[in-house]
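Peer 1: Here are the chains, one letter per residue:
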Amino acid sequence: MTLKLRDLTLLDDGFESGHGLCAGCSESVIVRQVLLALANEPVVALATGCLEVSSTRFPDTAWKVPLIHSAFENAATSASGIEAAYKALIRKGRMADRPMTFVVFGGDGATYDIGFQWLSGALERGHKFMYICLNNEGYMNTGIQRSGATMLGAWTTTTPAGDLVPGKPQWRKDMTGIVAAHGIPYVAQAAVHHWKDLMTKVRKAEAAEGPSFLNVFAPCDRGWRYEPEDTMAVSRLAVETALWPLYEIVDGEYKLNGPRHKSKPITDYLASQGRFRHLMRDREPGVIEDIQANVDREWARLRARCGLEPEVVKEAPVAASAD
Amino acid sequence: MTQPGTESWRDVPAGGTVLLPGSTERNLTGSWRTKLPVIDFDACTHCMICWVMCPDSCFKTAEGTLQSVDLDHCKGCGICATECPVKCIEMVPEERD
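Chains as they are written, first to last, in my numbering: chain L, 1 to 323; chain Y, 324 to 420.
With the rest of the complex left out, here is chain L:
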């Protein structure tokens, strides 16, 4: 089935308005796109995070699909249980055999840090479920604390930028690579602005025989300090600067879905957000070069894994350390 927006508008939206997410939040956009793309009936497990506390404030819910409210760490485990119960009920003839999809939405805090071993266990056991990480690079729900996904140099309330510390001192985890190392059938990185790519990946993940994982870039206007209307623009910049390449790993085979060439230096991305303002003021000139070097290293490794030739850099974007 092809993806056309006009056809999709005819479908029922599984996520209602009136939720408490901030104006300009990308999470509800991702949730709507995921629910619209699914072919089967979904059952959703939510990990604690912005999405959970904003969409399920008792006695209300924004969801029009079956949903289980989990704790911070155990959403993948909830989905494992739902999947096991589904198979058992069908086997015992207590439920009609109809196709269902089990979806987990977790933030980067729930995925990279707190729910990591639970997710790893569920992937290892091979439950057929789809894990979607809404990656907004921090614990935004509790007030913008750093997480394993926050990038180098970013201001957060636990890595404040000042004279001694230039924002977060560490780079970030390659969570997509870590999940891929579990050898599951489908792993992908997507971004909120590229709806067609995201929805195509959701369909592939749903069709995969086993667990699937989508790491979706979800800009946060409140925590990243930019104007709400720029959410999609910031997401686009992350892809164009190769900070967040769009790719998928199908049965261990890497494939690049987004642009094959880096078209912008990382400074364009850094300048779009207030959380990097201290870097742009040149108080810590070495950090920008460090960020660019990390991006270049990951980009070169990804291109090599996708079987592409090393990128010929026409002009050194910021630092000459790229080679």
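Keep in mind the hints are simulated off the structure, nothing from the lab.
Listed next, the in silico BS3-like pairs over lysine-lysine satisfying Cα-Cα at most 27 Å (straight line):
id	chain 1	residue 1	chain 2	residue 2
1	Y	K410	L	K264
2	L	K64	Y	K383
3	Y	K383	L	K196
4	L	K4	L	K196
5	L	K4	Y	K410
6	Y	K410	L	K196
7	L	K4	Y	K383
Selected chain Y positions facing chain L (in silico; Cβ < 7 Å):
id	residue
8	M371
9	T384
10	G387
Below, a sample of chain Y positions facing chain L; criterion: calculated Cβ distance under 10 Å:
id	residue
11	E330
12	R349
13	N350
14	I372
15	D393
Nothing here was measured: the structure is a model prediction, and the numbers come from that model.
Think of the CB as a built atom: it goes at the ideal place given N, C-alpha and C, for glycine as much as any other residue.
Let chain L serve as the given structure and place chain Y on it in line with the hints.
Peer 2: Leaving out everything else, chain Y in the frame of chain L:
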């Protein structure tokens, strides 16, 4: 629909189950708004980019055409105006009594 806060504790379902799917619709988040999207329907191509990128599901459609904006829930983020390919959505300051 039962208004929140008017139920007795005896009415709360076991386990805190929520039995009203999509009930956040009664939260009128449009009151958060400081800017209001105004669509120029003469220029609109009904591409539905605003519809897919709206965080609050505010663009109402019928048979594949854009009909209106749900101002009861629109938070006025302005993503639609920024992303509209033909720039037919303008954000104008909200005026309330």
